[in-house]
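J.: Going down the list, the sequences are from chains A and B.
Take the first sequence: its position 142, counted from the start at 1, is 142 in my numbering, and no numbers get skipped.
Take the second sequence: its position 173, counted from the start at 1, is 173 in my numbering, and no numbers get skipped.
Hints may be right or wrong, so weigh each one.
[Unchecked claim] Computed cross-link-like contacts, DSBU-like style, restricted to lysine-lysine with a CA-CA straight-line distance of at most 35 Å:
1) B:Lys185 / A:Lys12
2) B:Lys249 / B:Lys185
3) B:Lys185 / B:Lys309
4) B:Lys138 / A:Lys77
5) A:Lys77 / B:Lys185
6) A:Lys77 / A:Lys12
7) B:Lys141 / A:Lys77
8) B:Lys141 / A:Lys12
9) B:Lys171 / A:Lys12
10) B:Lys108 / B:Lys141
11) B:Lys249 / B:Lys141
12) B:Lys171 / B:Lys108
13) A:Lys12 / B:Lys138
14) B:Lys171 / B:Lys185
15) B:Lys309 / A:Lys12
16) A:Lys77 / B:Lys108
17) A:Lys77 / B:Lys171
18) A:Lys77 / B:Lys249
19) B:Lys108 / B:Lys185
20) B:Lys74 / A:Lys12
21) B:Lys108 / B:Lys74
[Unchecked claim] Covered stretches of chain A, going by a simulated chain B footprint (3 or more residues, C-beta under 8 Å):
22) 4-18
23) 33-42
These are calculated hints, taken from the structure and not from any lab test.
Please read these numbers as outputs of a predicted model, since none were measured by experiment.
Beta carbons are placed, not taken as given, at the ideal position from N, Cα and C, and that holds for glycine.
Here is what each chain is made of, one letter per residue.
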Amino acid sequence: MNIAPIYRREMKSYFSTPIAYVFIVIFLLLAGVFAFYVGGFFPRGQADLETFFAWHPWLYLFLAPALGMRLWAEERKTGTFELLLTLPVSMGDVVMGKFMAAWTMIGISLALTFPMWVTVNILGDPDNGVILLSYIGSFLMAGAYLAVSACISAATRNQVIAFVIAVSLCFAFLLLGFPLILDFFRPWMPESVVAVLGTLGFLQHFQSIIRGVLDLRDVLYFTTFIALWLYAGAWVVDHRRS
Amino acid sequence: MTPEIQARNLIKTFGRITAVDDVSFMVHSGEILGFLGPNGAGKTTTMRLLTGYLRPDGGQAVVCGTGMSSDPVKAKSFLGYLPEGAPLYPEMTPAAFLKFAGAARGMKGSRLSDRIEEVGDLVHLTQVWHQPVETLSKGFKRRLGLAQAILHDPQVLILDEPTDGLDPNQKAEVRDLVRRLSRSKAIIISTHILEEVDAVCDRAIIINEGRIVADGTPAELEALSEYHNAVSITLSSGRENDLADLLGKLPSVRNIELSDEGNGGKQILVIPEDGRAILHEVARILGGGGFEVDGFRQERGRLDEVFRKLTTGIQSHRQEGKP
Chain A
1 MNIAPIYRRE MKSYFSTPIA YVFIVIFLLL AGVFAFYVGG FFPRGQADLE
51 TFFAWHPWLY LFLAPALGMR LWAEERKTGT FELLLTLPVS MGDVVMGKFM
101 AAWTMIGISL ALTFPMWVTV NILGDPDNGV ILLSYIGSFL MAGAYLAVSA
151 CISAATRNQV IAFVIAVSLC FAFLLLGFPL ILDFFRPWMP ESVVAVLGTL
201 GFLQHFQSII RGVLDLRDVL YFTTFIALWL YAGAWVVDHR RS
Chain B
1 MTPEIQARNL IKTFGRITAV DDVSFMVHSG EILGFLGPNG AGKTTTMRLL
51 TGYLRPDGGQ AVVCGTGMSS DPVKAKSFLG YLPEGAPLYP EMTPAAFLKF
101 AGAARGMKGS RLSDRIEEVG DLVHLTQVWH QPVETLSKGF KRRLGLAQAI
151 LHDPQVLILD EPTDGLDPNQ KAEVRDLVRR LSRSKAIIIS THILEEVDAV
201 CDRAIIINEG RIVADGTPAE LEALSEYHNA VSITLSSGRE NDLADLLGKL
251 PSVRNIELSD EGNGGKQILV IPEDGRAILH EVARILGGGG FEVDGFRQER
301 GRLDEVFRKL TTGIQSHRQE GKP
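Between the sequences and the hints, there should be enough to build the whole structure, so can you do that?
T.: Below, the structure written as structure tokens:
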């Protein structure tokens, strides 16, 4: 395993360009706006963070593809793709290093929302176990969005295309359990497959986590999802070299 | 001694186009191989196959005894590679970039920092050490690409047009550096600058439409030229036509080319049949006829003419015709 050099280079690149700062600031701003204005944090009169976390799936829908679209598309554009692939580093390490760095960016942003947690603890007596669980669930879900975005980024050198396709795909996965998406599959897929698809949406799994239900299956769902998409991403990178 | 680089029947196709068609060659340590060919001939693709960026559709690349397809990470560890156009991360500084390249190759601590300093001096990068790459001139970028390739002191160095876009001083500098490095390395340089082959390479391969059309030392390639062993004579006496007539009667002369040198001087180029040595015969005629000669020289052959002959099938003619 030789992930560290790739990871460190990616992190350095985030912080030596405005990407890191813009991303973190926008993330915090939007997270706040959603929780306070759209979600109605105060009128609700409850000392919990459910209104804060409930908007995360929609926040990530745009921010994760924005972060993921450059992962490979940019390397292709600058030609550094060739440099990277001729270093004595395995494909798995490169894919992991890049993904982990982008995921860390979301992790940092998420960690910087701690004033929310401080606020509810001042205002009342929330269930901090549920909050911790929600943070973990949110972070896992962000990873799932990113893994999809990274894979799409590997398939094109155009960042706009990467972004648009990644957002659409993430949207489909987000609402996979809902009629909007399932109706699309129903006419041409066996009902049993549609039923299985219906259980694979981000939203059901995330919602069960933020309600405080610790079900290992939800965690397993997200980690498996991430692993599969990373694997797919590595395959795409490997087969689209020139 | 096993060769450091072995290309064994490499084949690469893109759709219906065969970019590299059954290319085989070897490069030993201490040797600099020049890779020549017109644009689109398959030079870059061949290099990409050797460095493991592309996978061949047939044949294999072997670096220091390790097959690129059987153990790519190990095979790549022997390589230093400057890809075409010297791609770099625009936001990184040379210092950070070299640190990354070294770390990715498993170097660390003082060994890495000492080596970065050494290489920075070697390619004269230190003055831009902390400037982002995107603000650097083409010459500095190319040098940084080169620094990255030689950082880990690799046994094999593959440089795709290392002097492209550099000014004449920088070109000379890079050539000097490559020559100095060559003692302990096997080096491949691609170029379309023919003087470069004469200046740096021990051997050259000319590639056209994916196939090797010539493989030899620069002198051997020059010998393929129709100008090989031609004799050029410069004179100002105004008797050039008499001389041309006399020379044209020699059985070993195939062709005579007459051209103006400016200032009333004339040049006669005597081209032999099959590259035969005709220097002495020509000299006898000059002496016998009492011609006053300003210059007298035997040509080695012209690489550019060989290059054109082999890559277009057309022979160059400067031509007046045999009188």
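J.: Hint check: A:Lys77 vs A:Lys12, CA-CA at most 35 Å. Holds or violated?
T.: holds (19 Å)
J.: Run the distance test for B:Lys249 versus B:Lys141: straight-line Cα separation, threshold 35 Å.
T.: Judged against 35 Å, a Cα distance of about 57 Å means the pair is violated.
J.: Please work out if A:Lys77 and B:Lys171 have their alpha carbons no farther apart than 35 Å.
T.: holds (27 Å)
J.: Could you grab the alpha-carbon distance between B:Lys108 and B:Lys74 and see if it respects the 35 Å cut-off?
T.: Holds: B:Lys108 and B:Lys74 sit about 18 Å apart, inside 35 Å.
J.: Within a Cα-Cα threshold of 35 Å, do B:Lys185 and A:Lys12 meet the stated pairing?
T.: This hinted pair holds, its Cα atoms lying about 33 Å apart.
J.: Under the criterion that the straight-line Cα-Cα distance not exceed 35 Å, is the pair B:Lys74, A:Lys12 satisfied?
T.: holds (27 Å)
J.: Would you mind confirming whether the straight-line C-alpha gap from B:Lys249 to B:Lys185 stays at or under 35 Å?
T.: Answer violated: B:Lys249 to B:Lys185 is near 51 Å, above 35 Å.
J.: Has the given pair, B:Lys171 with B:Lys185, been kept, meaning a C-alpha gap of at most 35 Å?
T.: holds (20 Å)
J.: Holds or violated: A:Lys12 and B:Lys138, Cα atoms, limit 35 Å.
T.: holds (24 Å)
J.: Given the hint that B:Lys185 pairs with B:Lys309, test it: the Cα-Cα distance must not exceed 35 Å.
T.: holds (32 Å)
J.: Has the given pair, B:Lys171 with B:Lys108, been kept, meaning a C-alpha gap of at most 35 Å?
T.: holds (31 Å)
J.: Run the distance test for B:Lys108 versus B:Lys141: straight-line Cα separation, threshold 35 Å.
T.: Holds. B:Lys108 to B:Lys141 sits at ~24 Å (cutoff 35 Å).
When held up to the earlier numbered hints, the structure conflicts with 2, 11, 15, 18, 23 and fits the remainder.
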